[in-house]
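Participant: Chains A, B and C, in that order, are what the protein sequence lines are. Residue 3 is where the first sequence starts when you use the numbering used here, and the numbers rise one by one after that. Residue 3 is where the second sequence starts when you use the numbering used here, and the numbers rise one by one after that. Residue 3 is where the third sequence starts when you use the numbering used here, and the numbers rise one by one after that.
A few of these clues could be false.
Identical copies carry no separate label here, and so any pair may be met within one copy or between two of them.
[Said to hold, decoys possible] Pairs of lysine-lysine, DSS-like flavour, derived with a Cα cap of 27 Å:
hint : residue 1 : residue 2
1    : Lys172    : Lys162
2    : Lys162    : Lys178
3    : Lys203    : Lys172
4    : Lys46     : Lys178
Treat the hints as calculated values from the structure; they're not laboratory data.
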Amino acid sequence: MEALLDFFTRFVAQLQSPTLAFLLGGILIAALGTRLDIPEAIYKFVVFMLLMRVGLEGGMSIREANLTAMLLPALFAVLIGIGIVLLGRVTLALLPGVRTEDGLATAGLFGAVSGSTLAAAIVVMESEGISYEHWAPALYPFMDIPALVMAIVLANLYLKRKDGSGDKVKVWPIVKESLQGSALSALLLGIALGLFTRPEKVFEGFYDPLFKGLLSVLMLVMGMEAYARLNELRRVAHWYAVYATVAPIVHGLIAFGLGWIAHELTGFSPGGVILLAVIAGSSSDISGPPTLRAGIPTANPSAYIGASTSIGTPVAIAIGIPLYIGLAQVVFGS
Amino acid sequence: MEALLDFFTRFVAQLQSPTLAFLLGGILIAALGTRLDIPEAIYKFVVFMLLMRVGLEGGMSIREANLTAMLLPALFAVLIGIGIVLLGRVTLALLPGVRTEDGLATAGLFGAVSGSTLAAAIVVMESEGISYEHWAPALYPFMDIPALVMAIVLANLYLKRKDGSGDKVKVWPIVKESLQGSALSALLLGIALGLFTRPEKVFEGFYDPLFKGLLSVLMLVMGMEAYARLNELRRVAHWYAVYATVAPIVHGLIAFGLGWIAHELTGFSPGGVILLAVIAGSSSDISGPPTLRAGIPTANPSAYIGASTSIGTPVAIAIGIPLYIGLAQVVFGS
Amino acid sequence: MEALLDFFTRFVAQLQSPTLAFLLGGILIAALGTRLDIPEAIYKFVVFMLLMRVGLEGGMSIREANLTAMLLPALFAVLIGIGIVLLGRVTLALLPGVRTEDGLATAGLFGAVSGSTLAAAIVVMESEGISYEHWAPALYPFMDIPALVMAIVLANLYLKRKDGSGDKVKVWPIVKESLQGSALSALLLGIALGLFTRPEKVFEGFYDPLFKGLLSVLMLVMGMEAYARLNELRRVAHWYAVYATVAPIVHGLIAFGLGWIAHELTGFSPGGVILLAVIAGSSSDISGPPTLRAGIPTANPSAYIGASTSIGTPVAIAIGIPLYIGLAQVVFGS
Chain A
3 MEALLDFFTR FVAQLQSPTL AFLLGGILIA ALGTRLDIPE AIYKFVVFML
53 LMRVGLEGGM SIREANLTAM LLPALFAVLI GIGIVLLGRV TLALLPGVRT
103 EDGLATAGLF GAVSGSTLAA AIVVMESEGI SYEHWAPALY PFMDIPALVM
153 AIVLANLYLK RKDGSGDKVK VWPIVKESLQ GSALSALLLG IALGLFTRPE
203 KVFEGFYDPL FKGLLSVLML VMGMEAYARL NELRRVAHWY AVYATVAPIV
253 HGLIAFGLGW IAHELTGFSP GGVILLAVIA GSSSDISGPP TLRAGIPTAN
303 PSAYIGASTS IGTPVAIAIG IPLYIGLAQV VFGS
Chain B
3 MEALLDFFTR FVAQLQSPTL AFLLGGILIA ALGTRLDIPE AIYKFVVFML
53 LMRVGLEGGM SIREANLTAM LLPALFAVLI GIGIVLLGRV TLALLPGVRT
103 EDGLATAGLF GAVSGSTLAA AIVVMESEGI SYEHWAPALY PFMDIPALVM
153 AIVLANLYLK RKDGSGDKVK VWPIVKESLQ GSALSALLLG IALGLFTRPE
203 KVFEGFYDPL FKGLLSVLML VMGMEAYARL NELRRVAHWY AVYATVAPIV
253 HGLIAFGLGW IAHELTGFSP GGVILLAVIA GSSSDISGPP TLRAGIPTAN
303 PSAYIGASTS IGTPVAIAIG IPLYIGLAQV VFGS
Chain C
3 MEALLDFFTR FVAQLQSPTL AFLLGGILIA ALGTRLDIPE AIYKFVVFML
53 LMRVGLEGGM SIREANLTAM LLPALFAVLI GIGIVLLGRV TLALLPGVRT
103 EDGLATAGLF GAVSGSTLAA AIVVMESEGI SYEHWAPALY PFMDIPALVM
153 AIVLANLYLK RKDGSGDKVK VWPIVKESLQ GSALSALLLG IALGLFTRPE
203 KVFEGFYDPL FKGLLSVLML VMGMEAYARL NELRRVAHWY AVYATVAPIV
253 HGLIAFGLGW IAHELTGFSP GGVILLAVIA GSSSDISGPP TLRAGIPTAN
303 PSAYIGASTS IGTPVAIAIG IPLYIGLAQV VFGS
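Bound-form chain A, shown alone:
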């Protein structure tokens, strides 16, 4: 009861945090028909800046980290990525009005990871003074790639069985396609630069101080985008909206549970558990869609992009983040 009250207090406070406020503000002005336009070039650059910042910090901390501590969380991340797609295969993909390949593409997108949701969680946790293993954001690709690969492989197996054609589905091109995506490239390059070079000064003087502010700009864009995509979502089966509302929380709670196990077994920090849940609850908005479009060309982008952008991400940020933080306080003590 007290936990519930705590969640609601946190939720209301969260509504006033810049991160969420800019997201909701973006939805609001888009709904009011604003002609405000944050240009595509700015949006792309902001995403690059945020992922480079997250990557650099990850890389610099991996340098000093005890990497065996990363093994179990990374394994869980892979399992969650695969598990989300399998779960989507036996839920969403079987619902009336949902084509199997569309359902799988959607599940793949919800298994994949959102850099902006991750960045939002980092800013909230820093402002609340919750510490975490700085390599935790590096769990991103361990969940993102398996989810996308799994969705594309399952969809292609399904389509080929329907066709009766016997071609093999090749995994490596899908992995490569994922790694070459703009978000993952920026994150991995940041990790590599943080790991092998000395970017401390440029991190402290540029990427880190601009982080919060650029995130507020990104949240505004994502809010406007979420509203704009709602129309697309309306054109497909309502089950997508149901899935997009429920799935982020279910995925986040499953990941929270696995993170808890890692906490008990290897001392994974409560902050790390929260981040694992955030990563699992997020759905890809930047790099996932093009990979899926290339990998499952017959799937309908309105279904999976609409579900992820207009419902999945707002739910993951507005409800997911305060939920996992509140839960961590109940479970691990404040």
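Given chain A, put chains B and C in place with the hints provided.
Facilitator: Chains B and C in isolation, oriented as in the chain A frame:
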């Protein structure tokens, strides 16, 4: 006499301030045929950043403000916005070679407000240590919207009388169109976020520190734009150039007088009086033109945009701002 | 021997500096087929910001400088600019498979100056605590313009002799074309603003603090661009690749020698000598190509842009900068 000397000293000093120097630098390199190009995407983003910064500060200060103090200046702002258009109707719109609808559109643009001129005044006042009510920039829409509405309504009434058609002119769509403009959206969103959420950290860590620098970039763009638009202005009647030179100062001085009355009656600060004059003296460069284009489709954009961008704005910044500051020192003491 | 060791130590350390690390990172991810894209608008703006920063500092320091000290280095800069083109005329332009006009255009580009290489050297020198005359970056146009003019004049004389036509080659339009280029415009405007106005606050609060970070972004873009241009280079004679590898170092060493003479004669600082060598060793990537394209329309851009962007600039930054710094320590003591 001493006041005049003071104005000239201030004017020369002002020429060296980054704000004006970048504006004049932009005019200069454009005149010399530079191929330097600040991309449209950057320009739009800079404008967003400046108006968000002004809006956030306005919103945060309205939170703690005694709002009754805002009533009289807001009323004056509305009156000035309407008055500028009426004044334009009986001066510019009656001059030889000026079509009535073109004259009204131009007067509407000069009644509307420029976010960049406002930002320039804020930077100059902060560097000179002149304080003002932080809600004063929130007077912007109170002048901007009535001016645009008045100009569009008068022009349509005129055109319909000429036509002999009896349709009514609808006011609400024009108000809505104004509110949805990119500049006003950003400003009002900033005010709402400042008022209802807690953006202090992102304001202090991002929007505020970047304010001056981004303004210098914007001034450079506006200088280059002012030169580029001169050609358009040359193609229309010379009376536009006369109006664009004289009107900003006349409007600013009228507003200064009304602000002075507010100072006597309700204690409106000298800095607030200066800002009211700056807002009145400015002419819209971002959000006004599209609204006018939609509202008075037969008016010639070369006339009103050329007059505002290539003469109105440079006069409002280079002459208006130091003039009102100097005047305030004479009137209210230093 | 010790000097060689010192160079290698410095070279390895340099590989870890953000400047070089981002350049190599860009080459690496481009080679791996990344879809990461730093938009053109961002690239152009970053270049503007860097050159404005370099220009402002130059202008502010010229204000207090003893300008007679600048005379000899400026004269040497002119001589180097012309000398590089003449050297290219009697080496590259005579090699088999190299058309004379292509060779001259390439030599012109290598005589012209790269703002990004200059910015990279400034960041490295500041992080190593090496001081220099702050007007030294203002030597840029003294080398850049004569090189471009010389290349275009020689190429046109050659082409007209071949044609048998007797038209005169006009020098002033080429100088004007160079001065109007985006990089030189930004640099010269920065110098003028630094010299005649008071931009200290906007320099210290905006242009200077963002310098290092924006440079890291630019280096990433240039690395990706270098890889992308390699294909173009493969389509032309291999001699371009040889020239692009050797020329930056040869030009840098010649400039180092002349700088040394200026050091002995007029006390030009060791840091100034390093910057003169860096400027000479750099090859233009932004403003040079359009000027050459306009001036020598028949020359093949794949040859000169490919050679400069994909080999010349990486060599100038990765090998040139640590080499001249190491050399300065040997020659002038640490």
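Participant: Could you run down the list of hints and mark each one as holding or not?
Facilitator: Now for the hints, and whether the structure bears them out:
{"no.": "1", "hint": "Lys172 x Lys162", "in the structure": "within (13 Å within a copy, 60 Å between copies)"}
{"no.": "2", "hint": "Lys162 x Lys178", "in the structure": "within (22 Å within a copy, 53 Å between copies)"}
{"no.": "3", "hint": "Lys203 x Lys172", "in the structure": "neither (42 Å within a copy, 49 Å between copies)"}
{"no.": "4", "hint": "Lys46 x Lys178", "in the structure": "within (21 Å within a copy, 30 Å between copies)"}
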